[in-house]
Amino acid sequence: MAKGKREVIRLEGVKKYYFMGENIVKAVDGVDMVINHGDFVAIMGPSGSGKSTTMNLVGSLDLPTDGEIYLDGHNIARLSESSLAQIRGKKIGFIFQSFNLIPNLTAKENIMLPMLFQGLRIDERELKAEKLLELVELTDRKNHYPNQLSGGQQQRVAIARALANDPDVILADEPTGNLDTKTGEKVMNFLEEFNRKGKTIIMVTHDPELAKEHAKIVYWMKDGKIEKTTKTKKAR
Amino acid sequence: MISKESIVYSLRNLIQRKSRSFLTILSIFVGIITIFIFISFGLGLINYIESLKTESTVDKINIQPKGVGPPGLDDTFALSEEDLEAVDKTSGVIEASGVYFKPAEVRKNKELRFVWAISYDPEKPLVIEMFGTKIAKGRELRSGDSGKAVLGYNYLLKDKIFSEQSDINDRIELNGKELKIVGFFDAVGNPQDDSNIYITHDDFLEIYRGNSTGFNWIIAEVDSERIEEIIEKVEDSVRKSRNLEKGKEDFFVQSFEDLLEQFNRILLFIVVFVIAIALVSVLVSAVNTANTMVTSTLERKKEIGVMKAIGAKNSEVVKIFLFESAFLGLVAGVLGVIFGFFISYAGAEFLKRAGYGFLNPNFSPILFIGLILFAGVTGAISGTWPALRASKTRPTDALRYE
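Line order of the protein sequences matches chains A and B. Numbering follows the numbering used here, with no gaps: position 139 of the first sequence is 139. Count along the second sequence from 1, then add 1000; that gives the number in the numbering used here.
Hints are supplied without guarantee of correctness; some may be wrong.
Said to hold, decoys possible - Subject to a maximum C-alpha distance of 25 Å in a straight line, what follows is the list of computed DSS-like cross-link-like pairs (lysine-lysine): (1) B:Lys1004 with A:Lys90; (2) A:Lys142 with B:Lys1004; (3) B:Lys1302 with A:Lys142; (4) B:Lys1240 with A:Lys128.
Unchecked claim - Covered stretches of chain B, as calculated for chain A (at least 3 residues, CB under 8 Å): (5) 1047 to 1054; (6) 1313 to 1327.
These aren't lab readings, by the way, just hints derived from the structure by calculation. Quick reminder that beta carbons are idealized off the backbone N, C-alpha and C, glycines included.
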């Protein structure tokens, strides 16, 4: 561990196998990974390389077949569903390729939702949501439903939602995948800014340029294993 | 926690799927309306029968021939003067009075109607006490009256029995014999009893000369404290007077209370039976609601995944869907009791005009609240399984679902 750096996530021999009849699909096959506080990590690889499964495991959306996952020093590989939900909601913010906003909630209500699940009072939820809307420059769109927003706007709402509970870690799964270059750039700038403010960002992408340009560390995955780890110029 | 966001979210979802929500509500609604109508009328009828148990009825017993057909139409057996005397002499019997009744044709101003003619002893008007009615106009029969009649309430109304309303001193013809009207009784509440024509025994026997073999009823006023014991004694006396062996009686003795109890039991059975049928329709609608909720959870599988990803516990997901199904039930319940109330109310008004004033529904607040809650709980129960199933969705599976 580098000096002065706090470890946020540690994966030890993590495996995720899917059993399809006689076949075993080894989606993740023995991954070790340490992510420190304040890192901007990209997990790179072609489709089927296991990068999304790895992210799901890191984000405790899924449990590993084998191995240990530590989040802030706590082993989350063996926790119950409800405890996982609680930890996830508090410590991790998710950004998805297809935004995944709740269609029947407005931008503001979408941002309030994670705070609701953490038991915050309504006035606290409203106040925080207003602040986050300001941060992602969408105050004037707060009462719009997702289908009334452009892709870029939806992704910014998703970013605000990911930040709602002030998590240490933001997991972004192909965050620019459904956006044009310019809008994508804006979204990436937000992520970089949050990283500068101390958030740990883990991004899954298949775009090497995006990874090199924004991340500090890149994990290259292939066939469920980490092929190599590189540091970009940003790390220096 | 039930929060503003989750309620708003649920309501928007229900509104978005308008037609499905509407049909689900409709299916529960139909069952609730049916149950409301039957319970309100059932309770009303039971209350009506209870109301008949007044001071003037608790001490009455009646002795009837066990005929094959309805009393008054079957003359195979009838009770004699000797039987009446035997009843009267039984200890515990305060007084006893025989009653004749037979179908009669009554004519007034060329209009002919078929009603019941009843005769009683004006000295002992026990049958009138039992009907629980009083004179509304004119006077009661007096002993020695000849060619006089007291009529039921409906003769006071226009276009009810006759096109014109009747009045004191009007003449009617009963099976050919002219009678003068001297009085009218108050409404009993059912069209049959309110159409009766009351006359004295002498007039009755004259009209039905040779056609009557005896009393159709003997009514006795007894010491109400010892009523069970007296019934047995009266049975004994009448058996002796008719020379019959025990177990081979051609008559039966019953207290008015027992008769009402018996009515009530039958009534309750019918009401429960009909409600049971209505409950089947509620069960069907519960299955329908469950189906709606299953569809809804499948459609929103991805949303469920997202909610779990951003920290929703299973219980949070359960609550959302339970709330939705309970809400559908509640809406159906509220609409059901409102419509049920208006239908029962209108039905009762209609029945009242038709002369069935005793069919008066009872609108107890418990009925309203109870049925609304019942509908809500039915909705919630229907939603339980779909909600639990939805909550167990693994976030990764749900997020992959398109």
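Cross-check of the supplied hints:
| no. | hint | verdict |
| --- | --- | --- |
| 1 | B:Lys1004 with A:Lys90 | holds, 21 Å |
| 2 | A:Lys142 with B:Lys1004 | holds, 16 Å |
| 3 | B:Lys1302 with A:Lys142 | holds, 23 Å |
| 4 | B:Lys1240 with A:Lys128 | violated, 96 Å |
| 5 | 1047 to 1054 | violated (count 0) |
| 6 | 1313 to 1327 | holds (count 4) |
Hints 4 and 5 from the earlier list are contradicted by this structure; the remaining hints agree with it.
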